[in-house]
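This is what each chain is made of:
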Amino acid sequence: MSDITKQSLNSLVKNIKEKKLSSYEVTKSFVERSEKSKKLNAYITEDFSNALVKAKKFDDSPNFDLKLPGIPIAVKDLFCTNGIKTTAASKILNNFIPTYESTVTQNIWDEGGILLGKLNCDEFAMGSSNETSYFGNVQNPIDENLVPGGSSGGSAAAVSGQLTPVTIGTDTGGSIRQPASFTGTVGLKPTYGSCSRYGIVAFASSLDQAGPMAQNVEDCALLQEVISTYDPKDSTSIDFKRNQYRKELSKNIKGKKIGIPKEYRVDGMPKEIEELWQKGIQHIKNCGAEIVDISLPHTSYALPTYYIVAPAEASSNLARYDGVKYGFRSEGHNLIDMYEKTRSEGFGSEVQRRIMIGTYVLSSGYYDAYYLKAQKVRRLIKSDFDEAYKLVDAILTPSTPSSAFKIGEKKDDPISMYLNDIFTVPVNLAGLPAISIPAGHDAKGYPLGLQIIGKAFAEQEILDIAYAMEEKIEFKNKINDWWM
Amino acid sequence: MSIDLKTIKHISKLSRISVDDKKAEKLAGDLNSIFDFIEKLSELKTDNVQPLTSVAETTLKLRPDEIKSKNIREQILKNSPADNEDFFVVPKVVE
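Respectively, the protein sequence lines represent chains E and B.
Mapping to the working numbering: the first sequence position 365 is 365, numbers consecutive.
Mapping to the working numbering: the second sequence position 18 is 1018, numbers consecutive.
Quick caveat, the hints were computed from the structure, so don't treat them as lab data.
Please note that the accuracy of each hint is not assured.
Derived CB-CB ranges, DEER-like [what the hints assert, rightly or not]:
1. E:Tyr230 x B:Leu1014: 55 to 61 Å
2. B:Val1089 x E:Ser300: 38 to 44 Å
3. B:Asn1032 x E:Asp267: 22 to 28 Å
4. B:Asp1065 x E:Tyr230: 45 to 51 Å
5. B:Lys1023 x E:Glu275: 23 to 29 Å
6. E:Ile291 x B:Asp1065: 50 to 56 Å
7. B:Asn1032 x E:Glu331: 53 to 59 Å
Glycine residues also receive a C-beta, built at the ideal position from the N, C-alpha and C atoms.
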């Protein structure tokens, strides 16, 4: 069967279950395409030969009751994989081989998934363009001059370039949704507490969530069904009744109330984004749902809040990299000198910048003015959503304020880079689920995404809305395999 | 507000990241522009607002205090940059 890599996850699962395809054929196709796609720099670590062995083993004694029967899947290199190098795209973890497995990846293997390899990302997931990776930037399959977004840039490029049927990323301020938007793919950031953080290299613990990235909404729903489980090993994992997201997927959103927040109409937003949003509103109406104008008054404070809270948590989380227990070490003439050299040589400049910001806002004399203040504003931002959800079931916004930008364009201007996450960051601060779906192209032919934000634990509801809209939008990704 | 080189050196010491003068100057510039941006928060009155520390509105669950991992010394030392098979090795700290 030709064009195996073009098939959706759900169609691959169906074909394997009906014995029209073997796991080996499928895995081999993705391995071969990945081999021909080195130019994208999507992988940090390849595990192709093991993947083929595992696929053969699956075919020898198949279990077709599994949700991902013999499906090869590459994952972001932020998930610890037992025995396979896990770097977080940092020099400081360049030689780190975990002796345990993250819960989310374990869930995938338990349902029959097969590891293809570990995907590139921004260093410690800090970035919006995949340019902070120690292993070099990733190219966007849409156009070789474009960033794929970040931090899950390798993941987005791998899905959009069809190197893996689906993948998982992590999202602290937009790191799943922004790259999904830049590459014409679907990305879901689940409710905080929905997917276990156990075994994920920590960035900002009160914001980090793992989530699925896929070619379409149905695939995204299936992967979310697999990865979202209650996990006692993560003290913030929440024990709630999880849906069978794919099985229960429905296009019927008649009577739903969808909010349009006026504060997301920001200055300088390209006309194309506004038009895309209007088209989205029309699609929602055509699906029989109702549009309601709402206000999220503290939206413009979300980014400044995020750039206190996230670096503060990061500076604390990254204190563990000291050159003693694991990872890179630079020799020093005493212990302190060794720490300081290790961290100065082991972390890249963006990570150092954020550790410094975080250390400063937590330091004596500045804690109240910055960190405590940010936590209070975080409450106001969450309250905005609580109020809005008294009136509506979900909220529709653009995913990003622009389409993908050029490699190098924003690298030396942190603020302009941070502004990329203006529509995605409030969601993490409030702990809500949100999905980005491809919704159109700009004049240059680059994809643009729309974001649907839900109530806490309402993943099914936003997946349903996305599913209904996807049918109306009829998005086609313009990929010409330029790198092959 | 302005973050000067002395402050940068202080933060660098607190965060155990060595910075030379050239790097300190670059960092001061970056941090000042980021803090100008963050300054926007001072527009808001928050005297009566409770800080939000976690969005997960659950109380931490208790579990029995049982040992679940046994004899994993080798695993723990596996990734260490320097060890003597029993302990992590660091530069001498006592004379």
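Cross-check of the supplied hints:
1. E:Tyr230 x B:Leu1014: 55 to 61 Å: violated, 37 Å
2. B:Val1089 x E:Ser300: 38 to 44 Å: Because 51 Å falls outside the window, the suggested range is violated.
3. B:Asn1032 x E:Asp267: 22 to 28 Å: Taking Cβ atoms as reference, asparagine 1032 of chain B and aspartate 267 of chain E lie about 23 Å apart, which means the hint holds.
4. B:Asp1065 x E:Tyr230: 45 to 51 Å: violated, 21 Å
5. B:Lys1023 x E:Glu275: 23 to 29 Å: violated, 44 Å
6. E:Ile291 x B:Asp1065: 50 to 56 Å: holds, 53 Å
7. B:Asn1032 x E:Glu331: 53 to 59 Å: violated, 34 Å
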